[in-house]
Structure formats: structure tokens, C-alpha cells
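S.K.: Okay, here's what each chain looks like letter by letter:
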Amino acid sequence: MNKLSLGDKIASSNLNHWVDPSFTDLPAESFSLPGRSKVSCSKAEPKRARKRKGEDSRRDPATSYLQKEPGQRDQDEPWVNRYMPCSQAELAVHKKKIEEVENWIRVHTNSSKGGILLLTGPSGCGKTTTVQLLSQELGFRIQEWINPTNLEPYSSSQDEWRMNGFSCSTQLAQFQEFLLRANKYCCLRMTDDDGATEGKLILVEDLPNQFYRQPGRLHDNLRHFVKTSRSPLVFIVSDSLSGDCSSRFLFPREIQEELVISTISFNPVAPTMMIKVLTRISTLEAGKSCGRMSVPEKGVLEMLCMGSSGDIRSAINSLQFFSLPDTSLEKELWRMKKDRPVISVGKVVSRTNQRKNKSKHTKEQEEEQEQAIGVKDASLFLFRALGKILHCKRGNHEAAEGVPAPALSSHLAHHHRKTLLVEPEFVVERSHMSGEFFNLYLHQNYLDFFSEVEDVARASEYLSDADLLTSDWTSRSTMEEYGSSVATRGLLHSNCQQISVGFRPLHKPSWLLVSKKHRENCLAAQSLFRSFCLTPVSLQTELLPYLAKLTSPMRNQAQIAFIQDVGQMSLRSFSIRLKLEALTDKEPGPLVTDAEEEQESARRWRLYHTVEHNVYCFEVTVLQV
Amino acid sequence: MSLWVDKYRPTALGKLDFHKEQAAQLRNLVQCGDFPHLLVYGPSGAGKKTRIMCLLRELYGAGVEKLRIEHQTIVAPSKKKIEINTIASNYHLEVNPSDAGNQDRVVIQELIKTVAQSQQIQSSTQREFKVVLLTEVDRLTKDAQHALRRTMEKYMSTCRLILCSTSTSRVIGPIRSRCLAIRVPLPSTEEVCGVLTSVCKKEGLTLPPELAKQISEKSGRNLRKALLMCEACRVQQYPFSVDQEVPVTDWEVYLRETANAIVSQQSPQRLLEVRARLYELLTHCIPPEIIMKGLVTELLSNCDGQLKTEVAHMAAYYEHRLQLGNKAIYHLEAFTAKFMAIYKKFMEDGLDAMMF
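These protein sequence lines are chains D and E, in that order.
So the first sequence is numbered by the numbering used here: it starts at 1 and just counts up by one.
So the second sequence is numbered by the numbering used here: it starts at 1001 and just counts up by one.
Chain D on its own, in the form it takes in the complex (with noise of 0.2 angstroms):
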């Protein structure tokens, strides 16, 4: 009976479309009734509607645009929903990839048994709209959840909801009882439909936060979704850089191969075809605007396409702004960069010709301005920003323009390289990984990308120094910059043979683990064994490893397990108990505190000041005076 009144509410909106047709505009949201978009296809109505529009006028530009030319609203509509694509072919997603999930919707829509997909990418890479996109072409409903806000009064549905029995449930409850529902009937044939309602998918965006603290119960739903799963549930997750890797944390990977998902993960949008979308949405509003607005040069939307990261929406936001009459700001900035002839020429040619030798210096100045244009902070995944630092590319040329460095002295002639295509600080800062923590992923792979045994001691060396600088807890924070720039730096420095090596699998490091596990044993050590009074280092070099070879009755289960476990080592074979952990390209880094770390470099340093703890005996006794 809700969807009948959507029904109702949506038909009577059209209805009224000659009345005010402004609203038709407004996002779906204030259509379904809020905090109860339990059944919302109503929000991919008025969306299609739209895209209808769309449609049309891609059919016949030129009359179209004349025709909606008065309309004022359109001014205000940002271009991305305006110019929202309305095909496969103007999606600016790869081919392979709208294929991988088309087909994956046809088979679980067409087989009665549905499935879980998730996917997955950087924000703006168009996940949303290619699945709205296929919906649309395939025939199919999308029912979306909406998170409700369920801190509002009464309204007048309220006996409905009293019938149903749940008047003031939680959003879990709700989002249970949404895919229960969505997943068991199906929806009702609305009279604008097209008559194309084959099948039904379930797409969820907005995740209750519960789930956020709780991954466990969205799991226990998710399994009892999938024993009874009649209808495709699509699951789009923003991956986010800044480590609080949500996808990873809400579907770990023992539930997506327990429950059989899916996951397609899609790649920032390619600048080349970021930048054929930004052209054709400047024809058109060129076009549009009779000669007031002309299309901005292919530079500016190169700019615009650099600073935004492969993320098209801020892109074409952007662009708007960009394109806004009176934005002389910002026509004033592309002006003053086509002033300087020289680099901005250079640049261009650069750019397209010789993308690869694009020199270090012209690139900064590109960024500085892609910085002015303010658009999107630029960050990289870890796997990149590791492969950036070892694999260690540096320029076939002497720096482009500019003078060139002065030459070495014979006696340093060895130190000489080639100019770095790689500024070593901005990789680290763009990984949003601490210091230590990348250099900890260096030097676990760093070995790979090594040919020489002499390059390889003098980059471990720049990584034993680089730990040197950040011993001391106390000075920590600001000597960590310093520490991953000599690792970093170092390491690209001893690298002088230079090999290309192709492809090599990272790893995660497993010092982490090592030095975890040496810490537990230890204390499980002291503890088992405590009667026997002995300092730490002879209990663990001496008795330990005798007390396996012994056959003297141990005290416990305990003890024995643990004898055999620390005191024995496995000399025959070459096993290594440690198994690599690989390092996937879209998995952010750990973000595990240091404080263990902390303590344990203190415990190691054993001639050192607290003085933390002077600190606090201070003010204790200035509190008392």
C-alpha cells in the first residue's frame, strides 16, 4: 500500500508538471516520503524522466535547446545532472568494464537466483550512473535504499506503519525489512512505465551508519539475504584513500567469498575521455548560449581535466564554474599562464607528444596552477606510490629547459644520475601514509628491484638511517619527514643500475608481524616459566631451546606447546613460517598507532629519560607549590 501511494504521489506529480514544472527538477527525495523510502523507485523515476529529456535533446540539439532555451531553471541545474549520459557510448567509463557489470546484471536478472555485486572505484568514476545507465537500457527497476531520517513526527502515514508493526524502528530494522521486501515482491507496474519492468535490482549506496561500527550484522543480513535472494543486490562503495577503506572494512574477504559477491572495481576516469566529455558538454552550452560563451581552449580543459584525478564529476563541476559569465578570475589565471609562451607552448607539446619525458620542472608549475583552479586534492594508492619510489624511472635527457646542473667533479662522477621524473616527499605525502610506515614497505620490497649486492648495501644502509632519525620517540614527528626522505631518496640514489623489471607483486611488510609475535612470545616465555628464575636472554637462548631437546616432564600443557612452538625451529626443510602477504594496487595502508612501537624502542634503549613522566612530575609539584 506505501508503493501505491508513491505511485500515486509520482503520477499525481505528473500530473501537475504544467503547474509548476520547476519541481520536477528537484531530487527524488521530496517525492518519496522521507524516512520512509523503504519502496523507492521513485527515485529512479524522475531520474530517467530526465534522462529522458536528455535524450531528446541529443536527438536534435540545436531545436531542442532553442525550444527549452527560455527555460530559467536550467541555469541553475549543474551540468552534471544535465548533461548525465545517455548511452553506453557516452559514458566515460571503460567499454570492458560497463560490459564486465552489464553482464553480470544480465545473468543474475535473467536466472531467478539473484546475487550480491559490489563496486567499487574512486569517487566520480561513474558507478552509480553506469548502473543506472544499464538499468535503463536492460529494462530493469532499480529500487534503491535511502537511509531515512527517522527523527521526525508522526505524519499522516502513521497507521500504516502502525499496521505493519513497526512504528519507530531503527535503521537497521528498516534496512533488514527493506531487503526482505524488495527482495520478495515484486514492484507494481506504474501506468508511465514503459512496460519494460522485467526484472528488479536492489542498489544500495547508503549504508545505515550502524554498520559502520557494526560490520558484523550487515553480514549476518547479507547471509540471510543470499539464502533467500530472488532479485540482484548491488552494493557502491567509494573506495577513499585516507585509509578508513570502507569497502575493505564492510566486506572483508572471507564474507565476499563466503556469500559469493561479486566485485568490479572501476579506475579513475581516463583524462582522454574526460576530456571528450568536458568538450561535448562545452559545445553544447556553447551552443546553447548563442555566442555569449565561447568553448574554452583545449588547455583549459586539459587544466581542468589534471586537477580533478580522474574524477568527472568535479570535473564538470569545474567546468561550470570555469564557464560562469562573470568567473574573470579564473579566465584571468589561464590568460596570465598563456602569457608565458614558453612553458605553456612547451607544455602543450609536451604534453601531447612526448607525455613521457614531461620534465620535472614544468610539471610543478602545473600543479601549482592546477592548485589555483582548487579542485581536488590528488592522492596516490599505496601500490602506485611504492612502484613510483622502486621502480625509480628518471628522465633519458638533461633537464629540458632551464641551465643545466652543473656538472660533477671527476672525484663524484659515480654519484651522478639522471634527473628524477618523481619528486620523492610529494609521493610519500600523497600515499597519507606516515613516514616509518612507508619505509616499512620499502624495505620489504625493495630487494626485487636490485641487481647489485653493493647498490643493495648502500640502500639498506639510507634505510638504517632513515630508522636512526626516528629512534627517538621525542623527536619523532618532525624527524619523520626526514626519515622517509633519506629512505626514499636513498633508495632511488643506490639504484644506479637501473633495470627494467617488469612487473613485480608488492608485499605488506612483515616486520609488523615479526616483531609482534617476538614481543608476545617473550612475555608468554617469562610468564610460563617464571619459577625458573632466570633473566629473559638465558631463558630464551639457553633453557628454552634445551628444555626441547629434554624429555624432563613439563609442568603443563601449556609449557610443552609453547616449547615446541619457540624452542624448536624447523632446520630440515626451508619452510618459512611467514607467508607474504601481497600487496593488492587499490588497498590502503594500515593505520596501526605506534604506541607499541613507541615501547618497545624504549624497552630496547634502556638508558633513557622519561621524560614524559619528568614532565608530569613537574607540574604535579608546581600544582602542589
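In case anyone wonders, no lab produced these hints; they're calculated from the structure.
Predicted, not measured: the structure shown is a model, and the values here were computed from it.
Be aware that one or more of the hints could be misleading.
Stretch by stretch, here's where chain E covers chain D in the computed footprint (C-beta under 8 angstroms, at least three residues) [stated by the list, open to error]:
(1) 316–322
(2) 463–472
(3) 510–524
(4) 528–535
Where is the CB? At the ideal position from N, CA and C, for every residue including glycine.
Fit chain E to the given chain D structure using the hints.
M.R.: Using the frame of chain D, we list chain E on its own:
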């Protein structure tokens, strides 16, 4: 059945097997009725602890052997709770303050204060002081050592400290000057042999003198290790044979294999394997310093004269960094890589010299 090490540990100063003059001196010291703070130092396995326990028994009688293990919780001024294990009798308290990490200062102050503030009830029949035995004093933080200095003076009337450490180099001067330092050197090979033979006799076994000699040499005169080895020999084979192989600990074998791996090939791939082996050693509770030391010893035996100085120099350099630094693996690996580079160069030079 307990280990031979524990079973045949002498309990009286008179029964000690070696350094008998020192034992006599200690007895004289105690018989005067009072004694200063003691700093007992010497290498591991020389019998420091045994000697101290004998001394305490001489002082208080058999009561000190009734030990109880206690788990104490101390609240630091920063409201942080520190948990520490102590071993105590009615007359003494043994604690390893370095268990508390960098909070050891609080442990020292609090524990000694509680011990020292409780007076003995019958001072006529008993000693009027208790003894606090601190082990691993050389691993104390500097802060704690300064705190210890004050505490030593303050509670001199009711409390005596016995400090136990492997070397005095990391004990600050003021503490060293407040204590009577007693060095317990390692027993000689003959003395170790004697102890081994007598222990075997008590067990009803006959130990061939050659094997005893072999064990004492293999153990590096570390008596604890020697006894453990001897017991392991017994498990391995009895009756003993003269040319029996003395069992060595797994980790030492593993370390030797690691060193061989380093010497046999020098390449980044080999270094990766060595790293995995180092990790393995670390997870088996072998402290990084010991790994370093063992590695250097094994590597040096593969080097020639000229190379030896260079390697030893490098080892000292990285050992120092190991102490200063935070993550041991960086420094262990840097040392290995450096050794590989030097060794490779040395071998190549040698090869060139041979060719021409």
C-alpha cells in the same frame, strides 16, 4: 623431576664448587653481621645468582628458600598500572625492574619503599635489615638508576640491595661507588668438567672425561649451558660414548646455516632469503643483539685476516645502530648486505690475483 641445573645447585657458601676463596670472603663478610650494598657482576652462567642465594642463606638460614612468586600491581604517578612479578621470601625480595619497560623507576621506588618501611619485628633474633635483590641492573633506564641512588641512601638502615648484572659498563658511576662490587668470573674448563662429573656421579652416570671436556668447551664455560647440554646428551644417548656429538640448540644451528648461506652466495635474492631466516629467529624469541653476535662470530670464521678487521668494524657499527634504532631488521639486514658486498669484492679481487 627438575632439571639438573636446579637439582644440584649448591645452597651454601661452603658447598660452592669454584672460586672458593671468594666464597670464604663472602662468608666472612656476612659473619660480621652487616654488609654494604653489593653489586654482583659477571658473565651469564658463572653462578652469580647461586652465589647470592647462598649468601642469603648464610645470612638468614633456611627460611630464604621458601620462595613465593607474587604478582604485584603498582600505580605510576601518571595513573598507569604497572604489573610486575616478584619472587620473595620472608627476608628478601627479588625483582627484575626492567620487566616494567620504561616505567622501571616507579617500580624501584615503590617496591623498595614498601620493603624498607616494614621493620623486622624481632630485631634481637634476626637481622635488622631485609634484602632487595635487583636483577638485570644494566638494563635499567638511566632515570631508574638515579632514582635507585637516592633510595639506596635513604633506606640504608632497614634495607640492603644486592644488584646483579652481566657488566658494570651500563651501571652509572654513583651506584657503582655505593656498592661493594663482586665479580664472578666464568669457571675454568677444568672446573666445569669437575662439576659435570660430580653431577653425573650423583645421577648415577659415568661421564667420560673427554666428553666432559668437549661439553665444557662447546658451552663456552657457561655452567648453566654446560649442565643443560650434559642433560641433553644423556637424553640423546646413554651410556655416553667418547665421541658423542654434543647437542647444540636449534637456533645456533639455524644461525650457522644462515651465515653459510650468506657466504655461499651474494645476491639480492639471497639477502631476501636471509631476511626471512632472520625473521624466523626473531619470532623464536632470540634477541636481535644475540643474532648479531652469533652471525658475526660465524661470518668471521669464514674470513681472512685483512677482511676480519673490516667485518668486525662494520659489526660494531651496526650493533651500535641496533641499540640506538627502533626496528632491528633494518640494521641486521644492512649489516648482512654490507658483508655481502665486502665479501664479494674480496673474492673477486682474490680471483683476479690468482689469474694474473
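S.K.: Kindly indicate which numbered hints from before are broken by the structure, ordering the numbers from low to high.
M.R.: 1
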